[in-house]
Amino acid sequence: MRLELQKRNAPSKRMALLSPVMAIILTLITGAIMFKLLGFDASKALFVYFVEPLLDSWSLQELVVKASPLILIAVGLTICYRSNNWNIGAEGQFTIGAICGSILPIMFPEWQNYAVFPIMLAMGALGGALFAYIPALLKNRFATNEILTSLMLTYVGLLLLDYLVRGPWKDPEGYNFPESRLFHDYALAPSIIEGGRMHIGAIFALVAAIVVFILFIRTLKGFEIKVIGETPRAGNFAGFSQQKMTIFAFLVSGALTGLAGILEVSGPIGQLRPTISPGYGFTAIIVAFLGRLNPIGAVFAGLLLALSYLGGEAAQVDLGVSEKTAKAFQGILLFYVLACDTLINYRIRVIWTKKNAQIKEAA
Amino acid sequence: MEFADALLVSIVTASTPLLLAAIGELIVERSGVLNLGVEGMMIIGAVCSFAASLTSGNPYIGILAGMLGGLLMSLLFAFLTLGLAANQYATGLALSLLGLGLSGMIGEAFVGTPGIKLPTLDIPLLSDIPVIGNAIFNQDILFYIAILLVVGVSWFLFKTRWGLILRAVGENHNSAHALGYNVNRVRLFAVLFGGVCAGLSGSYLSMVYTNLWIENMTAGRGWIALALVVFSSWLPGRAAVGAYLFGSVLILQFHAQGAGWAVPSQLLSALPYIATIIALIFISRNRNVTRVNTPSCLGQAFVPDR
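Sequence order for the protein chains is H and D. Under the working numbering, the first residue of the first sequence is numbered 2, with each subsequent residue one higher. Under the working numbering, the first residue of the second sequence is numbered 2, with each subsequent residue one higher.
Keep in mind the hints are simulated off the structure, nothing from the lab. Glycine residues also receive a C-beta, built at the ideal position from the N, C-alpha and C atoms. You may find that some hints are simply not true.
Claimed, not checked - With the C-beta cut set under 7 Å, the calculated list includes, among others, these residues of chain H facing chain D:
(1) Ala33
(2) Phe290
(3) Thr326
Chain H extracted, bound-state conformation:
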């Protein structure tokens, strides 16, 4: 048996909508089989994982809190991936954004007023953008592979954070724990619902998704991204500069990611710690693809992957399933997304070897 791909005359619009849904269903089926093999009641496990977190307001808020950084990062990544710039260093840009944004509340804690938070956000975005600028610059100047450089820089960023919270930025009154001082009230992200966990980051995520969506469908820049990504040669003839596009994509995506970083530490965490992200920068790659590299799609995909984080925690508490299953689920989901995406451009035909052998005999 073998597979044969037949190119469609035009990409299938129906499949473009169906493929993420198919991928999610296939992931759920795989998940059910996996739980069965691990010796759990599959339907109960899936319920705990994917439905229960949606049933009370606390966890719904938590869902938005976890989805916001994923969406912010993924929206930036859609620009990168559409224009063929493979930025996979979002985790590092997230960390650097968090560090740069935290300079004010950690180094100048006595400076407390309403200007602090906006400045923190600006510094976080700037930090993320500058950190993302490095692989872009190296790609343009030296033709280095941006995949490798952006990933290597992620490790550098994570180690820098580790150094800061264990060294110069360690809380002097923190009983020697590797944590920075707690942010003062002016440096904390305002919450949307009084006393709730949901903070202003959700609004940023939504606005970013809408703005980038409009950028894609209504502006020349959006057209440029599309042309350069799909046919770089045509882009050259049209006078679009690939180099400038690389810089643009990395700067925007770095800024959004850095913003997500500072929002995360000023929101749910409230201080700097050695680990500030459960792999948001990498999971956002899955979000971007599941959302079909569309910013609005990324909003839904972000919510779904945030659900997998919550479900992982819930399953650990309720069933004793390791929360590491969440990461495995996320990986499996991305595989199915990529596999189902083939259906957009190709028809798949299964050809049985027997028939093939007959053809050979006949020939």
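With the hints as your guide, set chain D onto chain H.
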């Protein structure tokens, strides 16, 4: 003398996993496929060999399990990129993410349990050579396999007919197809070979390098191996030289700490990553070096016309 021996042994230990993974990926890329999932295949190899050697008590079964784990992961990659013509970049990333996730799940039961160490094979007489003898001729089987692979892959690529076909497929898949070669079958074997090598590299990490299972223990080595392939400009001999250079940088941090340098440990830990970036700049800057050997069809899916 003892210091020189310890230094050499530690360099060899740090370099071998890089070399194993890089030599596999080199063949994959020569066939025109870019598999960014080395990190994922490596860590699955690591957890499989750790688990299998611990439960069976036999380190060689561990090696087989590591190879099998890497093979299965690469099969998944091959199914998507060759069978379904999926984007190789994205699929490779997916393989890395899946590998890290799955290995964390599989390995959870083994955290904190000491594993089984791969025994060293002492080659008589040669291992008594001063300074280098112990470091080179008193090693485990994976080290010898790595060296044999460098020689074997070199010979295969440049001295055999099949090596020529493999390179042709990577250089121009349309021409190779027109000549009657089954492009995707050649690539399938290349990808599987890469998976086995990455699995071996993982075995080395969990059975020689640390002898423990630690989550995310590959710590970017798969990515460094990918960088090594670029650094080597797709030549096996240079990949070996590169691996030992990188291994030396990796090991520098431990010796610097031992020597009591007053540098933050995090800076030393960041050195291998920074060194990788600098090496990439150095090699990519000179386009004449890279252009000659870069497989022209690298990263492009091949779907035969019908």
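Classify the hint on Phe290(H) as holds or violated, based on whether any CB of chain D lies nearer than 7 Å to its CB. holds, 6 Å
Should the interface hint for Thr326(H) be scored as holding, given a Cβ-Cβ cut-off of 7 Å against chain D? At 6 Å from the nearest chain D Cβ, Thr326(H) passes the 7 Å test, so the hint holds.
Taking the least C-beta to C-beta distance, is Ala33(H) closer than 7 Å to chain D? violated, 16 Å
Hint check: a violation occurs at hint 1 only; the rest are consistent with the structure.
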